[in-house]
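Given only the sequences and the hints, what does the whole structure look like? Please build it.
Next come the chains, spelled out residue by residue.
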Amino acid sequence: MFRYIVRRVLWGIAMLFIVSAVVFLIFYILPSADPAVLRAGRNAGPAQIAQIRHSLGLDLPIWHQYLNYMKQVFFHFNFGYSYQYNVPVRQLIFSRLPATIWLVTGAVIIWLGIGLSIGIISAVRRRSLIDRTSMTTSLALISAPVFWLGLVSLYLFADDIGRFPILPGQGSYAASSDFVSRFEAMILPWLVLAAATSAIYARYMRASMIDTMSEDYIRTARAKGLPERTVIMRHGVRSAITPIVTLIGLDVGTLLAGNAILTETVFNIPGVGRLLYNAISVSDLTTIQGITLFGAFFIVFFNLVVDIAYAYLDPRVRYS
Amino acid sequence: MRSRSRLLGVLVPGLLAMASLGVAGCGSSSKSTSSAASSGGTTTSAGESAAVSNEQAKFPPVVTAPATAKKGGTLTVIANGDVDYIDPGAAYYQPTYMIDLAADSPLMGWPPNDTAAPVPLLASGQPVVSNGGKTITFHIKTGIKYSPPTGGGAGWNKPVVSQDVKYAIERGLLPGVPNGFVTLYFADVDGLAAAQAAVKKDPKVVPNWSGITTPNSSTIVFNLSKPSSIGVIDALSLPLSSPVPQGYAAKYDSQTPSSTYGQHQIDVGPYYISNYSPGKQIVLLRNPNWTPGEDFRAAYVDKIIVQEGFADENSAVSKILTGQSMVNFDFDATGEALKLAATQYPKQLTLTPSGGNRFVALNNAKPPFNNINIRKAVTAATDRVALLDTRGGPLSGIIATHYIPPGIPGFQQAGGAAGPTGAQYDFIQHPTGDLALAESYMKKAGYSSGKCTGNCTVTMVSDNTPPGSNTAQVLKGQLTALGFNVQLHPVEHATMYTKFCSVVANEPNICPNVGWVKDFNDGQAMIDVPFNGATITGSPTNNSNWPQLNNPTINAALASAKLITDPTARAAAYGKIDDMITGLAAAIPWDWDYETNVSSKNVLPVINEFNGLTDLAFTSLK
Chain A
1 MFRYIVRRVL WGIAMLFIVS AVVFLIFYIL PSADPAVLRA GRNAGPAQIA
51 QIRHSLGLDL PIWHQYLNYM KQVFFHFNFG YSYQYNVPVR QLIFSRLPAT
101 IWLVTGAVII WLGIGLSIGI ISAVRRRSLI DRTSMTTSLA LISAPVFWLG
151 LVSLYLFADD IGRFPILPGQ GSYAASSDFV SRFEAMILPW LVLAAATSAI
201 YARYMRASMI DTMSEDYIRT ARAKGLPERT VIMRHGVRSA ITPIVTLIGL
251 DVGTLLAGNA ILTETVFNIP GVGRLLYNAI SVSDLTTIQG ITLFGAFFIV
301 FFNLVVDIAY AYLDPRVRYS
Chain B
1 MRSRSRLLGV LVPGLLAMAS LGVAGCGSSS KSTSSAASSG GTTTSAGESA
51 AVSNEQAKFP PVVTAPATAK KGGTLTVIAN GDVDYIDPGA AYYQPTYMID
101 LAADSPLMGW PPNDTAAPVP LLASGQPVVS NGGKTITFHI KTGIKYSPPT
151 GGGAGWNKPV VSQDVKYAIE RGLLPGVPNG FVTLYFADVD GLAAAQAAVK
201 KDPKVVPNWS GITTPNSSTI VFNLSKPSSI GVIDALSLPL SSPVPQGYAA
251 KYDSQTPSST YGQHQIDVGP YYISNYSPGK QIVLLRNPNW TPGEDFRAAY
301 VDKIIVQEGF ADENSAVSKI LTGQSMVNFD FDATGEALKL AATQYPKQLT
351 LTPSGGNRFV ALNNAKPPFN NINIRKAVTA ATDRVALLDT RGGPLSGIIA
401 THYIPPGIPG FQQAGGAAGP TGAQYDFIQH PTGDLALAES YMKKAGYSSG
451 KCTGNCTVTM VSDNTPPGSN TAQVLKGQLT ALGFNVQLHP VEHATMYTKF
501 CSVVANEPNI CPNVGWVKDF NDGQAMIDVP FNGATITGSP TNNSNWPQLN
551 NPTINAALAS AKLITDPTAR AAAYGKIDDM ITGLAAAIPW DWDYETNVSS
601 KNVLPVINEF NGLTDLAFTS LK
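So the sequence lines, in the order shown, correspond to chains A and B. Each step along the first sequence adds one to the number in the numbering used here, with nothing skipped, and position 148 is 148. Each step along the second sequence adds one to the number in the numbering used here, with nothing skipped, and position 498 is 498.
Just so you know, these hints were derived from the structure itself, not from any lab. Quick caveat, the model's predicted, so the values are computed rather than measured. Hints may contain errors.
List of simulated lysine to aspartate or glutamate pairs, EDC-like, C-alpha gap at most 20 Å [unchecked claim]:
hint : chain 1 : residue 1 : chain 2 : residue 2
1    : B       : Lys303    : A       : Asp178
2    : B       : Lys347    : A       : Asp178
3    : B       : Lys601    : A       : Asp160
4    : B       : Lys71     : B       : Glu294
5    : B       : Lys601    : A       : Asp159
6    : B       : Lys499    : A       : Asp59
7    : B       : Lys204    : A       : Asp59
This is the structure we're talking about:
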């Protein structure tokens with residue numbers, strides 16, 4: 001197992017290098033805007049632009065720029081300077097991470113709780129009314145775009161513009177100052193982000209449970225006289241949940257990487273996704289690059305965590 | 001989309017080029033005398049703003065605080081994006097000036113109801129202009145103190161001195177403080193070249209600008225090479241001249257690649273920036289070291305929070321209208337949100353002429369729009385009412401018939417709201433378009449059918465978000481009716497400018513989402529840069545003469561008009577040039593827009609007429 005972990009870590013580092021090179025190439029060889037002109041402002045003269053280009057190191061050869069950037073990242077944990085906000089990218093990302101972690105954590109708890117429960121119940125009561133209703137509902141939620149769901153929920157339930165003003169609306173997280181108000185502000189975003197994902201997990205769990213519950217060892221467990229609840233939860237769910245664990249790792253990693261961009265934008269949550277949206281809209285290349293690298297790290301890390309967890313969940317899995 | 005963040009000042013490298021050609025700055029009789037200049041403006045905004053539409057009259061801005069205004073409370077300013085620079089030395093966006101007008105004290109300032117000329121703010125009185133208009137002397141108020149610094153920590157406990165104003169202006173030359181107008185409006189201040197050379201040698205050290213002297217701690221003198229005092233005095237109303245003490249700021253200004261002074265700034269206005277989280281929020285608190293009455297600002301609310309990130313402007317407008325203690329920041333109410341405000345919350349909406357225009361730039365430098373008849377045809381065919389509808393219709397502005405907007409000297413002289421008259425202007429006289437007239441001009445251009453035939457492909461690069469993208473789509477449909485095959489490329493706003501429309505070599509045939517807004521109330525500030533040929537050559541990668549108009553007659557007329565000091569003659573000259581540009585069909589003017597400001601029910605907003613935005617130093621809560 002130790003060797004496996006070491007090998008995965010080394011592959012992860014190699015992956016980060018590859019991602020950084022690809023992102024660098026995309027944004028510096030095919031830029032959507034001129035970073036020096038953006039930094040200089042629209043009315044700067046050629047001399048000023050040239051001076052700024054020099055101060056940002058943009059007049060160096062591409063390979064030199066990349067080497068400088070990677071040296072700064074790996075040896076100094078320095079992701080460069082935001083052209084838009086004039087602050088270090090690392091500072092920007094770290095200031096946004098707490099909001100994204102809040103959002104993702106709450107959403108994960110909700111979608112796991114709802115998705116797994118419904119999946120288990122649907123599998124156990126296959127073809128019942130509850131099964132058909134939950135699967136139809138899940139299909140609807142999977143089909144609904146997150147941003148649409150978010151806007152509709154605001155227009156229905158937000159306390160400032162909603163038809164039934166029961167929950168804090170857009171911008172309330174940014175305006176909140178304590179745990180309780182922050183919690184309240186996140187309820188709608190959690191529900192919106194969790195909606196589609198819980199539906200997906202419900203369907204996965206249902207399919208996985210149906211497979212597992214038809215296994216011989218389940219029949220054996222029943223034959224031994226174990227209570228049905230024990231058969232389902234200790235024998236059925238434990239096996240059925242292993243593919244779900246893989247999914248969780250991917251989902252959490254990508255959400256922390258900025259994939260919650262739509263939810264954060266609709267609800268104006270100052271997270272990593274929102275930062276990425278802003279950076280893309282103003283071609284703030286260093287910020288885009290920094291977030292992408294962070295995102296790649298989260299995905300690699302959480303995949304590793306999930307794979308290790310897999311080995312403990314399923315005794316048949318052994319890594320050499 | 002031309003958002004408020006694009007309502008920039010006029011300071012463009014083109015004027016740098018013109019300055020280097022020895023063109024004198026603008027002049028104004030009230031300030032070009034050798035004695036103490038009067039406080040009267042060169043023109044009256046009241047007379048020039050006669051073109052108030054019916055719609056705007058229903059939602060007039062309040063420009064003075066009511067007698068019942070109370071102190072206290074927290075005002076929340078709802079924002080889409082962030083300021084361009086929190087550092088006042090680099091700030092150049094109008095929304096940023098909302099903050100700077102409350103926190104900073106440049107030498108001159110703008111009370112909300114004064115658009116004619118700036119009035120003394122940090123200065124103790126009007127400047128003395130002497131030496132044939134080449135020397136400007138300011139005396140500054142004494143005993144002015146700095147606020148605590150942004151983010152906390154040790155500040156600066158010495159009072160403001162004239163050397164602080166000098167340093168503030170000089171630091172604008174650093175690449176780490178990318179000020180877009182210092183080398184433009186201060187181009188005639190002696191010693192600029194030497195100061196720039198010093199910065200090139202060491203970009204981390206603020207140079208000594210020899211043309212700016214401080215004979216004592218309360219006097220600052222600007223020595224000019226030309227009698228262009230008017231422009232310099234006007235430019236000293238921008239945040240750049242708000243004092244910055246060298247002993248405090250130098251360590252921040254020496255940082256690379258960018259000065260970090262903005263994140264640690266100290267202010268001298270009635271408010272100071274206590275906290276700045278980029279892209280998230282800005283918090284302004286009362287400056288404990290500002291004394292009420294030390295300048296014309298009132299400062300009613302205790303705290304101002306700029307909350308950023310409201311991407312959906314419709315819901316943001318709804319939030320403001322239905323909520324409490326909120327105003328908008330860097331976005332206008334447009335489209336459905338504007339209609340909602342006008343119909344259901346009329347008392348919470350104000351329409352203020354922005355002092356700007358919007359036009360469709362036709363690239364005069366290459367086919368097909370290097371042909372004046374084709375440009376006239378396209379202009380005649382354009383339904384400008386439909387274009388205005390993409391921004392909210394009559395509530396969002398009035399149809400432009402030339403380029404100088406209402407309220408700016410030269411507007412009436414150029415024909416006012418109706419525009420220039422005469423057969424030679426027939427192509428601009430039909431706001432809903434006239435296809436038959438357009439076809440007649442196409443025939444004059446050699447297309448016997450009245451429509452384009454053969455190679456009729458034209459490229460258009462537009463914003464990729466509404467309303468700019470909507471404007472482009474509508475325009476595309478109208479041009480198609482004339483036989484043009486329009487290849488529309490919607491891109492990000494920043495990309496539209498920095499990769500296409502402002503790059504001479506890359507500019508497409510049509511840039512539909514451009515426009516201009518004044519720096520000051522003067523015709524020069526409206527039409528010199530966007531239509532002067534020198535703008536193109538001065539900065540080919542950052543060009544703001546989007547039509548690429550380079551007409552020797554117009555260039556010469558602009559150069560001459562700048563030297564006129566009599567206000568009546570100056571307005572007449574710029575009005576005539578405006579008509580000349582219109583007559584060449586260089587572009588398609590279509591909107592003199594309003595700033596559409598919304599506020600919550602319990603807010604008593606005061607609009608600063610200078611920039612058409614909410615004046616945070618005069619707004620109060622019920």
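Hints and how they fare:
{"no.": "1", "hint": "B:Lys303 to A:Asp178", "result": "holds (19 Å)"}
{"no.": "2", "hint": "B:Lys347 to A:Asp178", "result": "violated (34 Å)"}
{"no.": "3", "hint": "B:Lys601 to A:Asp160", "result": "holds (13 Å)"}
{"no.": "4", "hint": "B:Lys71 to B:Glu294", "result": "holds (17 Å)"}
{"no.": "5", "hint": "B:Lys601 to A:Asp159", "result": "holds (16 Å)"}
{"no.": "6", "hint": "B:Lys499 to A:Asp59", "result": "holds (18 Å)"}
{"no.": "7", "hint": "B:Lys204 to A:Asp59", "result": "holds (18 Å)"}
When each numbered hint is compared with the structure, a violation occurs for hint 2 only.
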